[in-house]
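*Asks:* One-letter residues, chain by chain:
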Amino acid sequence: AQSVTQPDIHITVSEGASLELRCNYSYGATPYLFWYVQSPGQGLQLLLKYFSGDTLVQGIKGFEAEFKRSQSSFNLRKPSVHWSDAAEYFCALPSGGYQKVTFGTGTKLQVIP
Amino acid sequence: DGGITQSPKYLFRKEGQNVTLSCEQNLNHDAMYWYRQDPGQGLRLIYYSQIVNDFQKGDIAEGYSVSREKKESFPLTVTSAQKNPTAFYLCASSIQGETQYFGPGTRLLVL
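These protein sequence lines map, in sequence, to chains S and R.
Number 113 marks the last residue of the first sequence (the working numbering); no jumps.
Number 1111 marks the last residue of the second sequence (the working numbering); no jumps.
Take these hints with a grain of salt, some might be off.
Short derived list, chain S residues pointing at chain R, Cβ under 7 angstroms [unchecked claim]:
no. : residue
1   : Gln42
2   : Gly43
3   : Leu44
4   : Leu46
5   : Phe103
6   : Gly104
7   : Thr105
8   : Gly106
Label-pair distances were calculated between CB atoms; the ranges are [as the list claims (entries may be wrong)]:
no. : chain 1 : residue 1 : chain 2 : residue 2 : range
9   : R       : Asp1054   : S       : Asp8      : 38 to 44 angstroms
10  : R       : Gln1096   : S       : Glu66     : 24 to 30 angstroms
11  : S       : Asp54     : R       : Glu1015   : 51 to 57 angstroms
12  : R       : Ser1080   : S       : Ser84     : 40 to 46 angstroms
13  : R       : Ser1073   : S       : Lys68     : 37 to 43 angstroms
14  : S       : Thr30     : R       : Gln1017   : 42 to 48 angstroms
15  : R       : Gly1063   : S       : Ala1      : 20 to 26 angstroms
No lab work stands behind these hints, which were simulated from the structure alone.
Beta carbons are placed, not taken as given, at the ideal position from N, Cα and C, and that holds for glycine.
Modelling step: build the complete structure from the supplied sequences, incorporating the hints.
*Replies:* If you want it as structure tokens, here you go:
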């Protein structure tokens, strides 16, 4: 069965510092992978998605993610974090023609001045 | 402006009461989904519907019911059989085989 693991429940970074959020997956074939962001009390917004091809994916708000098959990872990165990036981030693995999406448990990002 | 709306934003349920959460979309998406979100557990799929008048159970369907009489609407009823209904409920929609887009959510609390 497929699974998604986000090892970090909570991360704190200083504004302007770089960010990397970890995501590991388990899937029997080449996966599709997403990253979503959720502000407090809000729905989820898609940041970026990986289907195939180029392993470095660019998304909105200056985020990027790199797919590494050898490490079963799809880590999210941003070179310089802004206070408005404070939110919860979810890695997700769709399957079954997108009808079922397995979500990680989320990483809550805190940004300090 | 296209999007997904959920109402109400907050909903209170008394013991033994059924409550219905609304989800409407004007994106002309065929597929719609209901998720439950609890702290530290990510999102879990309750029900999904790929077409009008058809829906399938997700991973945690017990204590919930849905209908899909119109393409635009996918209401979720939390029945009295759901013993732990306090959670944040998210509705999503998509074109078949495409990315899911989410509504703003409804927080359900038990009185």
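*Asks:* Taking the hints in turn, state whether each one holds.
*Replies:* Status of each hint after checking the structure:
1. Gln42: Cβ of Gln42/S sits 6 angstroms from chain R, so the hint holds.
2. Gly43: holds, 4 angstroms
3. Leu44: holds, 4 angstroms
4. Leu46: Hint holds; Leu46/S Cβ to chain R Cβ min 6 angstroms, cut 7 angstroms.
5. Phe103: holds, 4 angstroms
6. Gly104: holds, 6 angstroms
7. Thr105: holds, 4 angstroms
8. Gly106: holds, 6 angstroms
9. Asp1054/R / Asp8/S: 38 to 44 angstroms: holds, 39 angstroms
10. Gln1096/R / Glu66/S: 24 to 30 angstroms: holds, 29 angstroms
11. Asp54/S / Glu1015/R: 51 to 57 angstroms: Taking Cβ atoms as reference, Asp54/S and Glu1015/R lie about 54 angstroms apart, which means the hint holds.
12. Ser1080/R / Ser84/S: 40 to 46 angstroms: holds, 41 angstroms
13. Ser1073/R / Lys68/S: 37 to 43 angstroms: holds, 41 angstroms
14. Thr30/S / Gln1017/R: 42 to 48 angstroms: Given a distance of about 46 angstroms, which is inside 42 to 48 angstroms, the answer is holds.
15. Gly1063/R / Ala1/S: 20 to 26 angstroms: holds, 23 angstroms
In this structure, every one of the numbered hints holds.
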